[in-house]
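Protein chains: 2
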Amino acid sequence: MAALIMKGPEVSAGMKDSLITEAAKLKPVLAIIRVGARPDDLSYERGIIKRFDSLGIKVKVHELPENISQQEFNSEFAKINSDSTNNGVLLFRPLPESLSDNFAVNTIDPKKDIDCMSPVNLAGVFAGDKESFAPCTPLAVMEMLKFYGIDLAGKNIAIVGRSLILGRPLAMLMLAENATVTICHTKTRNLQEVCKRADIIIAAAGKAKMITPVYVNENSIIVDVGINLDENNKLCGDVDFERVSPVVKAISPVPGGVGAVTTSILAKNLIKAAKR
Amino acid sequence: MAALIMKGPEVSAGMKDSLITEAAKLKPVLAIIRVGARPDDLSYERGIIKRFDSLGIKVKVHELPENISQQEFNSEFAKINSDSTNNGVLLFRPLPESLSDNFAVNTIDPKKDIDCMSPVNLAGVFAGDKESFAPCTPLAVMEMLKFYGIDLAGKNIAIVGRSLILGRPLAMLMLAENATVTICHTKTRNLQEVCKRADIIIAAAGKAKMITPVYVNENSIIVDVGINLDENNKLCGDVDFERVSPVVKAISPVPGGVGAVTTSILAKNLIKAAKR
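Those protein sequences? They're chains A and B, same order as listed.
If you want this note's numbering, it's the 1-based position in the first sequence plus 461.
If you want this note's numbering, it's the 1-based position in the second sequence plus 461.
Accuracy of the hints is not assured; some may be wrong.
Chain copies aren't distinguished; within one or between two, either way the pair holds.
What the hints assert, rightly or not - Calculated lysine-lysine pairs in the PhoX-like style (CA-CA distance at most 25 Å, straight line):
hint, residue 1, residue 2
1, K736, K511
2, K607, K591
3, K486, K648
4, K521, K477
5, K657, K540
6, K648, K540
Don't read these hints as lab results, they were simulated from the structure.
Between the sequences and the hints, there should be enough to build the whole structure, so can you do that?
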């Protein structure tokens, strides 16, 4: 049987109606703070504006000069952070090398910190507190699994990758749904075996096409969070989709997978912030 | 071959000389804040005072009346916290039901928070930041494994229990040592199997003698963090020590295991705080 292809745009589409309804009611505002004009920041910003526009949500972009002083940056950040008309504040990181994000990380209002930059939210995610804001990508993984009706209770999950923006917070979110979670990484000895016996594999190692058919079984459910360039400079995930997709139960592609859900999650978090 | 019995007092004894040397140099001071006089608080306090006394470390106990108002408690806490002669502050929790620990948790100086009450330290542990203070019990487990020369890199660890004072922080500490960690709990479906194939089992479920010989193999290394009363009202761990110890490679008993290391860890954290 052909695998279920878990498509990000389908997940996003499924979230749309309720986000539009909530947005119309709450009129939330997102403040983006961007220093300089890095192409990847601009591309992310365009994606957010396009999605938020389709949901009727206002985005205010604060572009700060690349050569801004630390003091000026901190003061601008403080101003935007304390502006009561902003429900959420999103700082694009990393900042230019001349700047530290220390002040921003430690002073952002945890209630406006919709992508989990503050240690207060990080600690909340660690503690399993559902009021805290988790980072958007692990939330996107959870939303995708929920959309496709994949229950996590009692399931064995192999998370390949232990980063603080994906592997670790996702492990905490999945624990809260009563999954049994194994966190794997480059030093894991028997990774093939660990993945092969898992019910669900989360590929977040940042290594192009590393998950091949020997890592899976016919009932594997795979969510690919990798964003890499392959040998032809084409976007690809951590899973060798072409070879793996025919032999598993469900799989998300790259592009068109989790990445297509994150801006909807950002909107969902903003609405959660506005409800407070 | 008889199993290696990993004894807490041996681990503590192994830490003693360097703690005494450091304490003599730094003269650190621990402030304990106790509200009321609960027997378990008093027993923990006696244990700390005895250990710290043997290391030459000064302990100041602040006993507050059980019927103290929230405002008075907060103000007392703030005073002790900001007293620059205190290197570490330890608040016994839970507080009496009439009091919230919210203010204390959020205002404790993270640099004095030697048992990881502050979200700043919790976030630091989650992030794998070694400068942060982790809670004492998971650190005691790490110290015990180190003392007995058990390397964690690439090992498969089953942690049974997902609490915020043990299972979760221990998982982060072990990840930082390149172990592959599976976090298990009451909803884990195939717990026996997960434990049986692990190199190291951490029993922290809070269920008397639940780990029986079917959960282990002859190479299992088991650290028992449980503290329970058995059917005869005798202290016991989460492992059926009598039946399991003859069939594994190494095991820690209860009592006389991890619990006998935690006050030494508290002293180690206090010295770390005093060094700053």
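Hint check results:
1. K736 to K511: This pair counts as within: shortest intra-copy Cα distance 23 Å, inter-copy 51 Å.
2. K607 to K591: within (16 Å within a copy, 35 Å between copies)
3. K486 to K648: Neither. Shortest intra-copy (49 Å) and inter-copy (39 Å) distances fail the 25 Å Cα cut-off.
4. K521 to K477: within (21 Å within a copy, 58 Å between copies)
5. K657 to K540: neither (50 Å within a copy, 56 Å between copies)
6. K648 to K540: neither (44 Å within a copy, 46 Å between copies)
Going down the numbered hints, you'll see the structure goes against 3, 5 and 6, while the others check out.
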